[in-house]
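**Q** Add chain B to chain A, keeping to what the hints say.
First to last, the protein sequences are chains A and B.
Anchor point for the first sequence: position 17 equals 17 in the working numbering, and the numbering is continuous, going up by one each time.
Anchor point for the second sequence: position 60 equals 60 in the working numbering, and the numbering is continuous, going up by one each time.
Rather than coming from a laboratory, the hints here were simulated on the basis of the structure.
For glycine and all other residues, C-beta sits at the position ideal for the given N, C-alpha and C.
Any given hint could be a false lead.
[Claimed, not checked] Once the Cα atoms are required to be at most 16 Å apart in a straight line, the calculated EDC-like pairs of lysine to aspartate or glutamate come out as:
| # | chain 1 | residue 1 | chain 2 | residue 2 |
| --- | --- | --- | --- | --- |
| 1 | A | K22 | A | D57 |
| 2 | A | K9 | A | D173 |
| 3 | B | K206 | A | D163 |
| 4 | B | K112 | A | D57 |
| 5 | B | K206 | A | D57 |
| 6 | A | K258 | B | E244 |
| 7 | B | K116 | A | E30 |
[To be verified] Selected chain A positions facing chain B (in silico; Cβ < 8 Å):
| # | residue |
| --- | --- |
| 8 | T52 |
| 9 | D115 |
| 10 | E119 |
| 11 | L136 |
| 12 | K235 |
| 13 | N238 |
| 14 | C239 |
| 15 | S269 |
| 16 | P287 |
| 17 | R291 |
| 18 | A324 |
[To be verified] Just so you have them, the derived chain A footprint on chain B, three or more residues with Cβ under 8 Å:
| # | region |
| --- | --- |
| 19 | 73-85 |
| 20 | 115-122 |
| 21 | 265-273 |
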Amino acid sequence: MDAKIAKNKIDQWFERIRNGYKIFAPVRREGIVRYSQVERFDEIDSEALATTMSAKDVVYPQWRAIFRFTEADDTWQIESIDGEPEYRLLFGVRPCDAQALKVLDRNFIREDFTDARYEASRAKTAIVAIACSKPLTTCFCSAVGGSPVDTDMADIVLTDVGDSYYAVSKTADGEELIKMAGDIFVDAEDADRDEVAKRHQECQAEIGQRFDYQDLAKKLEGAFDDPYWRHASEKCLNCGYCTYTCPTCYCFNVTDEKHPDGTSERLASWDSCMFYGFTRMAGGHNPRNERYRRYRQRVLHKFKYFVDLHGFAACVGCGRCIQACPVEMDISKIVEGAAKSSEH
Amino acid sequence: MNDRNRQASDIAKELLENGQVGVVVGYCRGLSPASASAAFLRQPEETSTLIVDDTCSQNLTKYLLALEEKAAIFVKGCDSRTLVSLIQDNEVIRDNIIIIGIPCEGMLDADKIEAKLGVPLSEIKNMSRSGQDVVFEVGAKTIDIPFDELKMDRCQACRFPNPVISDRSVSDNVTPHDVVRLAGLDKVDSMSLADKRLFWQETLDKCIMCYACRNACPVCVCQDVCIMQGRVPHWSSERVDDREKLFYQMTRALHVAGRCTGCGECERACPMDIPLNLINQKMVEIMAELFDYEPGLDPQAPLPLSTYRPDDPEAK
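Next comes chain A alone, as it looks inside the complex:
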């Protein structure tokens, strides 16, 4: 179904939602935009693109304790970390950010194993996306199978039409969220739909299509042994920020830590393929000891291996890594360069 909501009525909608959901949205503070809990629409930076940190940490926190354990005589007493995740509404993600959840879901919810905590958290997260009106020059969602104006991974997709948002429900939950708001939403009219179509078309025309990820994946067949990577990744500092800001990166470390009070925890925390120790093994051997090997891995994982295994790219073209990189590594240009280089 579709509908329309005036921007000055969003606070009323939030009030209805807040009884059931904690609302997380992009908040600008001292030049940094992160997803934080909000109460009112005016706290939100609804125009922000490629936010400093993605919404990833709302469903997949940077660190968490999996369980606690204590040594007692000759045994271990294990205490699971209980607590149901709360209902959350992610408001103001862009279509690329919503698409990113497809990659995270693919990793954490599988036939052979499901991360119960992630699955429970995900099931209780509603998503209200806002379509883009003007892409950044670093955006390339259309090249990796996405769209700047639509996504099936959201419950509702909003389009800015001036003093209102036009809303389309994409799921039963989305429809429910609109219905429960009663007359805060009004019917959409044909004039609104026409306006939306026009804005969408303009945005799509502007972003164009830099490349086709499936075509690229085929061209990357012989890329592993290509000497291209050494020079392409030479200025990379391997700092890891790209993987932290990335909405699709999901690799994590598992560490056991003992505390002075005698209790221990098993922690799961974000890891990064950019870090030296990512593939370091007990005994010291490290198959990716050199920087270019690690950078090559990041690119081929996102644009080749993941495509081969799962049929879509592990990159949504949000461009955060390009915006944030202290040395201006541009993954979209590098992967195109690699494909071109290994074609010959």
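**A** Just chain B, lined up with the frame of chain A:
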């Protein structure tokens, strides 16, 4: 083509053509007219892409740690002092490098530009200078902003605008300007210890322990065996909380003290805009106070924190 660009290209081309170096590490135009990117040039014809201007804020000396070939490197005043620290540490061998100096009158701050324009650097169509102003074209608009409003804080406090060590130079030396203390230091200095702790706790709240600061820092030479990555012993927790952030930042500050010259690359690299250079610049002042030592000036000088001196003022 600007004079300094031409000088840079000419010197680099000459060095590559006569085989004096295998690679030239310099700056080329970045992803935006308002930014520069590190360039690794190995063919003489590539040197025409070299630039020298006020977008060249990155400290390139870190890259010398990974290069095996003999290298030429472009350094501003601040970078040259980091280079001296690296030479003192034997991380860089003086004879293996050719230093091309860039006398500097200050660099543009990417964050300040983005704050004033309200768009990321990538969206700038064109940038030029007009007298004391920087002129930006964004979309259909043209915006003039005085250079002084966009200058990096560390440049306002710069005491060494001319490289302290070099073999060649892209221009004549510049006249050092009046020095102001790094913005923010006075305020933090005036805080009580309790307030300082609160200040850092709040300021570091944004820190996500991505280690961009560590990786960007030229004198963080431990690299792959950094204490933060150790597992046996496991000094730091994988938790990302107030305690771990303070532990990390304080440890790093102490580990680089004496070799850190306050180049500010850590702050430049920080994606969360944390004013890290406050810590480092304060350490530089403390080194002067306790050891009568200014980091990064004399390649022959022994490093104060790794040298035993019988006449150490602290020794009883």
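**Q** The structure should be examined with respect to each hint, and the outcome stated for every one.
**A** Results for each hint:
no. : hint               : result
1   : A/K22 with A/D57   : holds, 14 Å
2   : A/K9 with A/D173   : violated, 20 Å
3   : B/K206 with A/D163 : violated, 33 Å
4   : B/K112 with A/D57  : violated, 27 Å
5   : B/K206 with A/D57  : holds, 14 Å
6   : A/K258 with B/E244 : holds, 15 Å
7   : B/K116 with A/E30  : holds, 13 Å
8   : T52                : holds, 6 Å
9   : D115               : violated, 17 Å
10  : E119               : violated, 23 Å
11  : L136               : holds, 6 Å
12  : K235               : holds, 4 Å
13  : N238               : holds, 6 Å
14  : C239               : holds, 4 Å
15  : S269               : holds, 4 Å
16  : P287               : violated, 14 Å
17  : R291               : holds, 7 Å
18  : A324               : holds, 5 Å
19  : 73-85              : violated (count 0)
20  : 115-122            : holds (count 3)
21  : 265-273            : holds (count 5)
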